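Top to bottom, those sequences are chains A and S. Residue numbers are given in my numbering: position 47 of the first sequence equals residue 50, and the series is strictly consecutive. Residue numbers are given in my numbering: position 81 of the second sequence equals residue 82, and the series is strictly consecutive.
Hints are not guaranteed to be accurate.
[Stated by the list, open to error] In the DSS-like style, the derived pairs of lysine-lysine whose C-alpha atoms are separated by at most 30 Å in a straight line are:
| hint | chain 1 | residue 1 | chain 2 | residue 2 |
| --- | --- | --- | --- | --- |
| 1 | S | K70 | S | K80 |
| 2 | S | K58 | A | K81 |
| 3 | S | K43 | S | K60 |
| 4 | S | K70 | S | K43 |
| 5 | S | K43 | S | K64 |
| 6 | S | K70 | S | K60 |
| 7 | A | K86 | S | K80 |
| 8 | A | K45 | A | K81 |
| 9 | S | K69 | A | K86 |
| 10 | S | K64 | A | K45 |
| 11 | A | K60 | S | K60 |
| 12 | A | K86 | A | K45 |
| 13 | A | K81 | S | K80 |
| 14 | S | K80 | S | K58 |
| 15 | S | K58 | S | K70 |
| 16 | S | K80 | A | K60 |
| 17 | A | K81 | A | K60 |
| 18 | A | K60 | A | K45 |
| 19 | S | K58 | S | K43 |
| 20 | S | K60 | S | K80 |
| 21 | A | K81 | S | K70 |
| 22 | A | K45 | S | K58 |
| 23 | S | K43 | S | K80 |
| 24 | S | K80 | S | K64 |
| 25 | S | K69 | S | K58 |
| 26 | A | K60 | S | K43 |
| 27 | A | K45 | S | K80 |
| 28 | A | K86 | S | K43 |
| 29 | A | K60 | A | K86 |
These aren't lab readings, by the way, just hints derived from the structure by calculation. The model shown is predicted, which means the values in this text are computed figures rather than measured ones.
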Amino acid sequence: EPEVTQTPSHQVTQMGQEVILRCVPISNHLYFYWYRQILGQKVEFLVSFYNNEISEKSEIFDDQFSVERPDGSNFTLKIRSTKLEDSAMYFCASLTDRGPLFQYFGPGTRLTVT
Amino acid sequence: EDQVTQSPEALRLQEGESSSLNCSYTVSGLRGLFWYRQDPGKGPEFLFTLYSAGEEKEKERLKATLTKKESFLHITAPKPEDSATYLCAVEAGGTSYGKLTFGQGTILTVHP
């Protein structure tokens with residue numbers, strides 16, 4: 004069974020620090036996504052990425068956020084200067100256009116900003 | 002704006018007691034409606050995709066149905082291992098490929 008992996012599983016950081024969350028999507032997938040889930044709230048879309056550029060981003064995804072596919076396997080989310088309200092679970096997901104046509108989600112990174 | 006509303010927020014069942022979860026949606030052109038299962042501290046796990054009104058999909062004790070305004074996830078004779086949060090999500094026309102809008106989820110607890 005193919006799977007999306009994410010590291011670290013838990014990241015604790017101080018307010019104002021930069022964090023990089025890492026994801027390894029499924030190898031033949033071409034579409035990549037980041038979502039976040041604040042404790043007790045719904046899963047929210049952050050950004051979609053295809054062909055080395057952002058396809059769409061939400062209002063949450065402001066200038067403090069960036070994404071990158073630095074090589075053929077990793078997909079990263081960087082938060083430049085973390086805020087308390089960035090504390091959440093961050094999920095990476097990937098998708099192919101050649102079936103099965105659903106997103107595979109990773110296990111998530113729990114980000115705690117203190 | 003695309004919206005997804007799930008009800009009830011929480012559902013407690015006895016083992017073997019069948020029930021249904023509801024997902025109401027408002028989207029500008031539905032590309033697909035998805036059901037995922039989420040266990041505590043884990044990522045969503047895919048269950049079903051439905052594309053058009055009248056479509057039904059089944060997997061073990063679960064059956065998903067779709068109308069033009071809502072979807073139901075029917076659970077027949079549930080077992081304690083079916084306890085999880087069930088998420089409904091839609092992919093809407095006019096958005097980037099694959100972008101999902103999620104509902105709040107229904108927390109299902111099945112007691113032995």
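Do the hints match the structure? See the list:
no. : hint           : in the structure
1   : K70/S to K80/S : holds, 29 Å
2   : K58/S to K81/A : violated, 38 Å
3   : K43/S to K60/S : holds, 21 Å
4   : K70/S to K43/S : holds, 29 Å
5   : K43/S to K64/S : holds, 23 Å
6   : K70/S to K60/S : holds, 22 Å
7   : K86/A to K80/S : violated, 41 Å
8   : K45/A to K81/A : holds, 21 Å
9   : K69/S to K86/A : violated, 40 Å
10  : K64/S to K45/A : holds, 23 Å
11  : K60/A to K60/S : violated, 33 Å
12  : K86/A to K45/A : holds, 19 Å
13  : K81/A to K80/S : violated, 41 Å
14  : K80/S to K58/S : holds, 20 Å
15  : K58/S to K70/S : holds, 17 Å
16  : K80/S to K60/A : violated, 39 Å
17  : K81/A to K60/A : holds, 14 Å
18  : K60/A to K45/A : holds, 17 Å
19  : K58/S to K43/S : holds, 24 Å
20  : K60/S to K80/S : holds, 14 Å
21  : K81/A to K70/S : violated, 37 Å
22  : K45/A to K58/S : holds, 24 Å
23  : K43/S to K80/S : holds, 20 Å
24  : K80/S to K64/S : holds, 15 Å
25  : K69/S to K58/S : holds, 16 Å
26  : K60/A to K43/S : holds, 24 Å
27  : K45/A to K80/S : holds, 25 Å
28  : K86/A to K43/S : holds, 23 Å
29  : K60/A to K86/A : holds, 19 Å
Violated hints for the displayed structure, listed by number in ascending order: 2, 7, 9, 11, 13, 16 and 21.
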